[in-house]
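All chains, please: the whole structure from these sequences, using the hints.
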Amino acid sequence: MRRLVNGPVVVVLTVLSAWIALQTRAAGQVSARSATVMPRTVEDLRQWDSTVDSMVRGGELRLRRAEQDTLIAGRVHERLDQFSHGVRIFGGDLTRQVDRGQTVSIFGVLYADLNLDTTPGLDAVAAQAAIERLSGAARPGVAPELVILPTPSGTYALTYTEQIWTDTGPVVYFVDATTGAEVWHYNNLQTQSAVRSGKGVLADDKKVSMLATAGTYLADDQLRPPTLRTFNLNGNLTRTKQFLNNVITLGSSDVAASSAEPWTDGAAVDAQVYQGWVYDYYFKRFGRRGLDNNNSRVLGIVHPALQSAVLQASSSDQDTFWLNAFYVHPGVMVYGEGLPSNLTVSGQHWTYLAGGLDVICHELSHGVTAYTSNLIYQNESGALNEAFSDMMGTSCEFFYASVRGKTGNYLIGEDVVTPGGLRSMADPRAYGDPDHFAIRYTGTQDHGGVHTNSGIGNNAFYLAIEGGRNRTSGLAVTGVGSANREQIEKTFYRAFAQLMPSNATFAVARRATIQAAQDLYGAGSQVVTAVTQAWTAVGVN
Amino acid sequence: MKRFRIAFALVAAAFLPSLAHAQSPWLDKAWVTIDGGFQPSASSFSAASTFRINAEAGALNVSYPVTRATQLDFGGGARVWRNLGVGVAVSFMTQSDAAGISGNVPHPFFFNQPRSLSGQSAALNRQETGIHVLALWMIPVRENVQVGVFGGPTYFMVKQGIVNTVSYSESYPYDSVSFTTADTADQSKNKMGFNVGVDGTYLLSKSVGVGATLRFSRATVNFDAPDGTAIASDVGGVQAGAGLRLRF
Ligand SMILES: [Zn+2]
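Sequence lines, in order, name chains V and L. Take the first sequence: its position 169, counted from the start at 1, is 169 in my numbering, and no numbers get skipped. Take the second sequence: its position 169, counted from the start at 1, is 169 in my numbering, and no numbers get skipped.
Mixed in with the good hints there might be a few duds.
[What the hints assert, rightly or not] Stretch-level coverage of chain V by chain L, calculated; a stretch enters the list once three of its residues show a Cβ under 8 Å from a Cβ in chain L:
#, region
1, 194 to 204
2, 219 to 228
3, 274 to 284
[What the hints assert, rightly or not] A few chain L residues that don't get close to chain V, going by computed Cβ distances all over 10 Å:
#, residue
4, 80
5, 119
6, 153
7, 189
8, 191
I should point out that these hints are in silico values taken from the structure, not numbers from a laboratory. This structure is a prediction, so every number in the text was calculated from the model and none was measured. Ideal Cβ placement from N, Cα and C applies to all residues, glycine included.
This is the structure we're talking about:
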């Protein structure tokens, strides 16, 4: 619930404040006794000052940081951590304000009776493995810290601790240093939802659903049901590949972030916004909840490579990370970096691919396919897989025409690959793609021409909506009309996501879409007629 | 102010002819009126504000109806010179009406796609107390009929429930919002205004009669909006009453 004031607004949202949950208690704990350090008199202060000094000399307190006072000149604020036998005590620390050598204040919490054996039974590698097992997430190359944990039940436990990014956010785990069992964990997400303005790749204004953290905003949607997050790999192709190869996981520091408003990283803005819009399109049009219909995660990656480094890259890397966007199951989208404005391919400029709504909807629809028909990415089924993504991609564009102030069209990628885009559903042959089964590509390149023969299904979809004649056969189709495009979108969605098997052929697609039209609109409906005529026109019988 | 001029003109038009002919002396020393009455005119006032949420400006309007209400009115005074008297009358009016709430709440995902919000607060109490100090010119039209015209300053004390916060609920996909509650708080404001009017009395005996009063009083009070701005509300208005008249 939100609450607004008659005047300035007060938004009352659930703040995901840090919560701490005691999970289990490990063996071998001893009682914890803490003292709050808060001297009130000058004598107390002097005494604590000398106690602190002696603890520093004895190694029981160690200076973590000393910061100059930015408001009162000459003052320094020290932060000291408490240690026992060289092991830090979690939560045992104090601050000391010093004015030119003279202590002004001390505040802290120190722990007493620390007679815990600080020799761990596990080494850091074993502890790391235990934390990864508990969290279900990996963070290779990071060593957990050995700490003494005063537990809420008043005991000490020797633990290893580490913050690890999980599906619910950054969780700090504490595992027993001998058994590896969980002692504690808490979610360190100190955040709340925020809607910020941003400028997309095409400099258009958008609202971005983000996660507010201290002073900055992360591309992590808090308003929609699933995890919708955009990572910024800052052009580090090595890390991009490591992530895709499961060598590394991405953490909170990899989430695309902005503190300025409007946010001007167009690729990150568009990726985050369009991923949300695509989720909404599927929900509003088909009642579908995300890729798996169960709100599975959506993770987008922008800046997988450095735009300016394209000429140094191998041609396969160029094709993958600059001139492409792709889906990696489950739920990962990589949006190519495009080309610097002075470079073109066949006379076309390529900007950040995240700037294309149809591109993002196309990629996410591969996710829907992967969770549903799982059309095999080869030959006819592969062409149908691609065609479905194009159909949904272009449908998204039409769906959001009014909020974008831009009418939809049947070109694919025309916003980011200019002029003209990559494919045409209305006239595939204009882009060298077949629009009729009789002229389909039968070679082996591109998985048997999946991006080529998709033109056949694409043109059937187009004709079923808009009507007209297939360029190759000359056969006429009476479409349902653009005002009724929803009927064809639903028909094809139903067929592709629910009726078709993984090894479907064009002939199966024809039968399945007719079946879907009959299911939804009746056997004698205009939709059935349109779909039937459309497949006939493209030579699929 | 326009309504006041009209009302005053009507009063003047109705009684000036009587004034011209009525030169009989007024012999009473003092008078008392006890009236029940009502404020026949309905009006309203509103508070418009803007706010910022979801990276866009939204708007909220709260409309407070001031409907017809009954009132209690009593007063008295004394003759000070010839047909001139001075007195004081006190009127109490209380009513209870819900405020109408309407607004536009920006969508979290899109610019220029506001969700409309509408609802009603709980019934808000409004109490107006007017202390009308008046100079009265009494015209004995006949032996048992007196007409007095009066005017003077009025001290208004107004207590009104004001909407402080409006709550709404929303859920994915956030294409609409539902009004849930409005938090309100009473505010009390005092303001000096004026009154003019006419009183007619029909004496049943030397000291007891019945009569009717038509009064127009007016002031504008400013309630405090939560954003620090003022919410202007007219108080008073046309008040009609009838009741007991005592003469001493
Ligand atoms: Zn594709």
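Here is how each hint holds up against the structure:
| no. | hint | in the structure |
| --- | --- | --- |
| 1 | 194 to 204 | holds (count 3) |
| 2 | 219 to 228 | holds (count 3) |
| 3 | 274 to 284 | holds (count 5) |
| 4 | 80 | 49 Å, holds |
| 5 | 119 | 12 Å, holds |
| 6 | 153 | 32 Å, holds |
| 7 | 189 | 17 Å, holds |
| 8 | 191 | 22 Å, holds |
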